[in-house]
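Student: If you want the building blocks of each chain, they are given just below.
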Amino acid sequence: MILLDRVSKSYNKKGIALERISLHVEPKEFVIIVGTSGAGKSTLLKLLTREEKPTSGKIIVGGIDYERLKDKDIPFLRRKIGVVFQDFKLLPGKTVFENVAFALEIVGLSNKEIRHTVPKVLDLVGLKGKADNYPGELSGGERQRVAIARAVVRQPKILIADEPTGNLDPKHAWDVIRVLEKINHYGTTVLLTTHNQEIVNKLKRRVITITDGHIVSDKSGGSYK
Amino acid sequence: MKRKLISLLRIIRSGGNNFIRNAWLSIAATAVMMVALTIILSAVVLNVTARNAVKELSKKIKVTVYLKDDVSEPRRTIIMSRLKAEQGVDDVAYVDRREAERRFKTNVSEGDKVFIEQALALTGNTTLPESLEVSLTDLSKSGAVVKVAKEDGYKDAVDDVSVGKNDVAKETIERATSAQKYIVRGSIFAAVLFAAVSVLIIFNTIRMAIFTRGEEIRIMKLIGATPNYIRGPFLVESCMYGIIAGILANVSVYTAILSLGPKLQNQAEFAQSYNFFTSTGMMILLLFASVFLGIIVGIVSSLLAMHKHLKLKHW
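Respectively, the protein sequence lines represent chains A and B. If you're matching positions, the first sequence starts at 33 in this note's numbering and goes up one per residue. If you're matching positions, the second sequence starts at 5 in this note's numbering and goes up one per residue.
Same shape as in the complex, but just chain A (with noise of 0.2 Å):
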């Protein structure tokens, strides 16, 4: 599902963020990537996004060639990842349906379509009664359900998740979670990045530790200290 063999990517001479990378995610796989900040998660996910471009090195995701892959495509692309953000990207002069139906209306579906769909989703997400709130209304851990519901709205292949708990609360950190454990059990695989322990502890997932832009381990299972 996704690929990337010995992928650099350095801003300037001085300031590489990531170093001969090599990964390999299998289709339908939880991934958790951790690391201390500046360690590269975040340049990772870039380039998994192609808000950035790399320096040197290989990224295959769901069959697409970046390096093939024309500008006039990126939308496309994106079109088929879903992404989560710490903070969460909600547009807030629209309600948490709109907010969804962003996504779809973005790709052209009918509102008929829309109306079917995203409450579908919010029912997934956990936020069925909450479908004409503002995101302003709503808790940190409610926003960033509707985040996930924005991004899994399209059913992409990939959920990258961007320290999607990393301003909530335990309890609504959890509730996140298992959201996003929820989309992997339908079949989409998610890399997410995290800070937090007790969650990488818990998950026993598989763990890819970051460190100065290298990957200094690759456990399933594995935990973070």
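By construction, these hints were calculated from the structure, which means they are not laboratory data. All values derive from a computational prediction rather than experimental measurement. Hints may contain errors.
[Claimed, not checked] With a straight-line Cα cutoff of 20 Å, these simulated SDA-like cross-link-like pairs (lysine to any residue) come out:
hint: 1; chain 1: A; residue 1: K126; chain 2: B; residue 2: K8
hint: 2; chain 1: A; residue 1: K104; chain 2: B; residue 2: K315
hint: 3; chain 1: B; residue 1: K8; chain 2: A; residue 2: E230
hint: 4; chain 1: A; residue 1: K126; chain 2: B; residue 2: V52
hint: 5; chain 1: A; residue 1: K144; chain 2: B; residue 2: R25
hint: 6; chain 1: B; residue 1: K72; chain 2: B; residue 2: E155
hint: 7; chain 1: B; residue 1: K6; chain 2: A; residue 2: I146
hint: 8; chain 1: A; residue 1: K126; chain 2: B; residue 2: I221
hint: 9; chain 1: A; residue 1: K144; chain 2: B; residue 2: K72
hint: 10; chain 1: A; residue 1: K60; chain 2: A; residue 2: E213
hint: 11; chain 1: A; residue 1: K104; chain 2: B; residue 2: T230
hint: 12; chain 1: B; residue 1: K6; chain 2: A; residue 2: K126
hint: 13; chain 1: A; residue 1: K112; chain 2: B; residue 2: S11
hint: 14; chain 1: A; residue 1: K126; chain 2: B; residue 2: R25
hint: 15; chain 1: A; residue 1: K121; chain 2: B; residue 2: D163
Position chain B relative to chain A; hints supplied.
Tutor: This is chain B only, laid out in the frame that chain A set:
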């Protein structure tokens, strides 16, 4: 295809929402563009009206070629053909003695008539001379016509040549021609100036809209919106400025034309222009032209703003 149509409708709706969301900026942008388009339209109307007026007034000025008493008909016909061939000549009419007398009697008051008849009796000429009346389409060609009539080859037939019966009319024409030139120059300058101001204001309106919607644009990019889907609403918004400004400019110019209509229709110099501009076809054409021009100005301004501030090349 269906999805593309749905996306297009959403882009149009989003552009409309942007227009309403930035109401004050939209009003300012539309107002300035309306002023620019009104100036351009007025310039067109004034230019055409001035040209028609000059043309109409030129017809009133005639070059009169007085013929000698014994000119034969074939000789007269040759002179008439030569004059007709001259550039700027609309028509050449032969005025015989009887017609000249009739006109004389119509135009001269009773007191003057007695006086002139007595004067003619004293000089021995009991009748007025035959003449050729040359109507012009271009007043500036009158000199050339006079020159032709005074050529040596026609000395046997031509007695005298007179330009214009009415010096005031000639002066009016010259003034109108000069005014027309100033109208064209002035209106081009004003139109360019206001069009530039209009471009600047729309540029800033779109730039502010891009900044206001910065986060939304970033989210749209990250969740897979195409550049056209992101650009579209800004283009629609600027097209709306053009459409509304074009319609309002047309309404203001036609309000002026129609309100002046009753006064202008009775004057031959303006009647033709009035009828020309108030014909249905011309009204529709000018409406479309001003809306089209407004859209072009809007699109150019918005493309400039997007090129500078909407960084869609870096995904």
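Student: Compare the structure with each hint and give your call.
Tutor: Now for the hints, and whether the structure bears them out:
1. A:K126 with B:K8: violated, 23 Å
2. A:K104 with B:K315: holds, 14 Å
3. B:K8 with A:E230: Distance of about 46 Å is beyond 20 Å: violated.
4. A:K126 with B:V52: violated, 53 Å
5. A:K144 with B:R25: Cα-Cα ~26 Å, so violated.
6. B:K72 with B:E155: Answer holds: B:K72 to B:E155 is near 15 Å, not above 20 Å.
7. B:K6 with A:I146: OK: B:K6 and A:I146 at ~15 Å, within 20 Å.
8. A:K126 with B:I221: holds, 14 Å
9. A:K144 with B:K72: violated, 94 Å
10. A:K60 with A:E213: Between A:K60 and A:E213 the Cα gap is close to 11 Å, so the pair holds against 20 Å.
11. A:K104 with B:T230: holds, 8 Å
12. B:K6 with A:K126: violated, 25 Å
13. A:K112 with B:S11: holds, 19 Å
14. A:K126 with B:R25: Roughly 14 Å separates the two Cα atoms, so the pair holds.
15. A:K121 with B:D163: violated, 96 Å
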